[in-house]
Amino acid sequence: MPSIIPIDDPDDPRIDAYRDIRERDLVGRAGLFIAEGRVVLEKLVGSTRFRPVSLLIAAKRLASLDGLLAELPDDVPVFACEQAVFDRIAGFPVHRGILAIARQVDKPTPDALLESAEDVLFLSAIANHDNMGGIFRNAAAFGIGAVLLDPDCCDPLYRKAIRVSVGATLLVPFARLDRGEDALALFERHEVASVALSPAGDTLLHGWRPAARNALLLGAEGPGLSPALLARTRSLRIAMANGFDSLNVATTSGIVLHHLSAYRV
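Using my numbering, you'd call the opening residue of the sequence shown number 1 and step up by one each time.
Read the hints as simulated data drawn from the structure, not as lab findings.
Just so you know, not all the hints are guaranteed correct.
Claimed, not checked - Computed cross-link-like contacts, DSSO-like style, restricted to lysine-lysine with a CA-CA straight-line distance of at most 30 Å:
| hint | residue 1 | residue 2 |
| --- | --- | --- |
| 1 | K160 | K43 |
| 2 | K107 | K60 |
| 3 | K60 | K43 |
| 4 | K160 | K107 |
| 5 | K60 | K160 |
What the hints assert, rightly or not - DEER-style ranges, computed between Cβ atoms:
| hint | residue 1 | residue 2 | range |
| --- | --- | --- | --- |
| 6 | M1 | A262 | 42 to 48 Å |
| 7 | D152 | G91 | 48 to 54 Å |
| 8 | T109 | V53 | 22 to 28 Å |
| 9 | R209 | P108 | 40 to 46 Å |
| 10 | V53 | N242 | 49 to 55 Å |
| 11 | A239 | D11 | 54 to 60 Å |
| 12 | S246 | R213 | 25 to 31 Å |
| 13 | V53 | A262 | 40 to 46 Å |
All C-beta atoms in this analysis are idealised placements derived from N, C-alpha and C, irrespective of residue type, glycine included.
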């Protein structure tokens with residue numbers, strides 16, 4: 001178990017990476033990311049694709065984390081401080097009192113993920129971190145094997161996306177396609193049937209019978225998926241009351257994945 005390193009001064013240079021978290025969220029962390037809260041920390045510690053670099057813990061939380069901290073590699077520093085110092089370091093009240101800096105150590109390619117995943121999600125231009133986190137949470141809940149992102153999607157390892165996903169972005173493997181890479185050609189090469197979700201879809205969801213392997217395509221709220229992409233694949237829509245035309249994209253993902261899971265039982 002790593003040694004606990006006490007921190008009394010919020011200006012201590014050893015905890016620079018935790019200072020002014022919200023401002024750092026905006027400019028990035030050079031390949032590192034922040035994990036927040038016990039539930040997310042549990043998924044981080046148990047992951048083979050991510051590795052903690054250090055932890056910052058409010059002293060009042062240490063006793064309850066003994067078992068979890070014992071699973072950390074000995075070379076991962078664990079800094080501890082009183083809650084008031086913790087909040088000054090972070091720049092805002094962090095009631096959970098648990099933060100970790102981590103890095104991704106395994107970055108699979110889209111091809112590698114499609115070699116084994118039965119069903120996948122493909123996300124296009126999902127720029128809202130709440131939606132990204134909600135989609136990953138649904139993907140984990142319904143056993144989706146992978147998530148593929150286009151270049152215009154936000155980062156699933158952004159602090160808010162991880163928090164909203166309840167750590168699911170650390171569980172569901174994901175990869176990002178290069179700009180100009182043809183997602184539909186990629187799915188065809190791996191014998192995965194592409195199905196796009198759109199309010200103007202040709203087929204109602206309840207009439208869709210999934211193939212053996214499926215790629216479910218979701219676009220950003222508002223613009224949705226591009227007309228060029230929709231023209232090349234089957235499209236589905238969710239039936240709604242008259243006068244209303246669309247759902248939040250994370251909600252849509254949950255409904256569609258529940259429908260898909262019914263055929264996997």
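**Request:** Could you tell me which of the hints above the structure violates, numbers in ascending order?
**Result:** Of the numbered hints, 2, 7 and 9 do not hold.
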